[in-house]
Amino acid sequence: MSCATIRERGKPIWVCEETEVNELWQALAQGVLIGSTYGLLALGMGLVYGVSGIVNFAHGDFISLAMFISLALFSAFALDPYVSVLITIPVMAALGALVYRFLLRPMAGHQFLMIVQLTLGLSLLLQNGIMMVFGGQPARTPSIVESKLIILGDVVLRMPHVIAFVVAFAMAIGLYVMLRSTDFGRSIRAVHQNARAAALMGVDVGRVQVVTFAIGLGILAVAAALLLPGTPIQPTQGLQYTVITLLVVVLGGMTNFVSIMISGLVIGIAEAFGTVYVSDTLGRLVPYAIFVLIMLFRPQGLTWRTS
Amino acid sequence: MIGQGFYKTLASPWLWGALLLTAALPLMLNSYYLHILTIALVYVALASAWNIVGGMAGQISLAHSLFIGTGAMLSTALLVKLGINMWAGLVISAAIAGLLGAIIAWIDFRFQLGHLSFVLITLAFAEMAAIVVEGWEFLGGASGLLLPRDTGDVWAFQFGGVRGAFWVMLGLAATIALINVAILNSPLGYYLRTIRDNEKAAQAIGVDVLRHKMIAMTISAVLTSIVGTCYVRYLTFADPYLLASPLITIEIVLFATVGGLGRAFGPALGALLLVPLGEVLRGQLGGAVPGLHYFIYGVVVIVVILVTPRGLLPLFEKLVRRRRPAAS
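Residue numbers (the numbering used here), protein chains in the order written: chain R, 1 to 307; chain S, 1 to 328.
Pulled out of the complex, with its shape left as it was, chain R reads as follows:
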């Protein structure tokens, strides 16, 4: 019987199995599974950027918020994160619509960079609002599938990661189909390509932007539920999620769906390799190093055409 450590965001988890764990395949599999969720996070941000040119620096804090709402629902009603997501999605989407309508849209006419500061202020507000309600201690939200493992040859996979992978890709494909072949999807793409022309064609640009922002936060609620089982959460984590999401979005060329998902995998794999092969702390540098290297030699990111 042999034991192996699976490292995940710096926190080692011991796994003892009959089989020998192959470190390389293990890291690769874990990176792909986590990376798919990063891709999903980034899709939400890329979608919003595409139609309204806004980069939301409170993105990670909205993920935090969704996670803590799940935690509260678990504490109050013992709801599993995979069930409570049915509540967090509409809550986050409604919040997104309100935030866009009352905070972000009034900025549209002013100097555009002020939105950066506004969302940074929003980030401080959310992070510390969460801290005031839940306290600063790390917390966990358990799930029934949390400790289930799937063993594929040399590789041990954790059930929540597999669920995250499947759901993330299903949602990415769903979004892609929605953008391609529904009227609303066409209006989103129209606004993305040329907001003024879209308005002249009778598209209600303001409505598209509000709904897209709401969808973006709804996607976040899903991603939060996918990341939640087995991951300790604390109010100050938001900025790290924002940065990871930004890396993926920029690497994916901001708006290209397929390259964003690929970039999510690249960053996920880089993170897994860093924690397995370098060290717990300095290993977290690997995704950044990979990011800077790729961007130095390919300033347009991992996309093949400029949008």
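I should point out that these hints are in silico values taken from the structure, not numbers from a laboratory. All residues carry an ideal CB built from backbone N, CA and C; glycine is no exception. Check before you lean on any hint, since a few could be wrong.
What the hints assert, rightly or not - Partial list, computed: chain S residues near chain R (C-beta under 10 Å):
1) A126
2) I250
3) E279
4) G283
Based on the hints, put chain S in the right spot on chain R.
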């Protein structure tokens, strides 16, 4: 080179009167209030240094925790681990911070994502800096470094407690604010503002965008690093979660925004209003309601941006002018 406006400010009796009055404060206030004012001056200095890049050139840099961290953690590590005098440490850290600033500006220039890319890239660098400090034992790791006790020996970079620190910070904050005035009145300031307002047009009329961005970033980084060294000397504890965390940059950006971006004294105004408020709240309620002062910063900045996006300084000026129409 430097226009009339700078000398006019320099010759203003108001400026020197205010400075002298402030410099006399340590003789009147008790150490609690003096501490709060010293922290406020640290943020005045940091926000004014940030303003050169963030306000004048419109490049929202979130990498400044990297420069504060260099000035604070590196100079401390050089002193504690290698016994290098902190004055030398200040110069070494400032030089390294300046170099890092220039490199970051250059890397950003390659990315070609427009204004936003600078925010993204600099945030990535800030996050990297936090990881490096936390993971590298030489810089103190996660537990930080303790400086030797402050005996008031100026040669050893010790200024004798809160009074000395107050005067040092006042001098630094005033110098950096005056550097702001000087740059605003010099060709560099005009180049930076054309870059802020329209980068493509600036390039088209022959402004060397990359060069001036690098210069602005270097000046700002060097000044920020110097403030970092003085700040850590006052704190006597190099805390990586305070001095190398991206959060400190976000605070600076928000103070500068509340006060008025791109104006010489705007960031100073924001810091002078918000830091004492935050410090008092933290002192009174920090134990009962953790995070309350940050929460209030967040609310204030959102309200200010929605009501007066150019900050409070232009608003104050407008109010003053309305009351004294004859003066203009």
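Each hint, compared with the structure:
no.: 1; hint: A126; in the structure: holds (8 Å)
no.: 2; hint: I250; in the structure: holds (5 Å)
no.: 3; hint: E279; in the structure: violated (15 Å)
no.: 4; hint: G283; in the structure: violated (17 Å)
When the structure is compared with the earlier hints, violations turn up for hints 3 and 4 and for no others.
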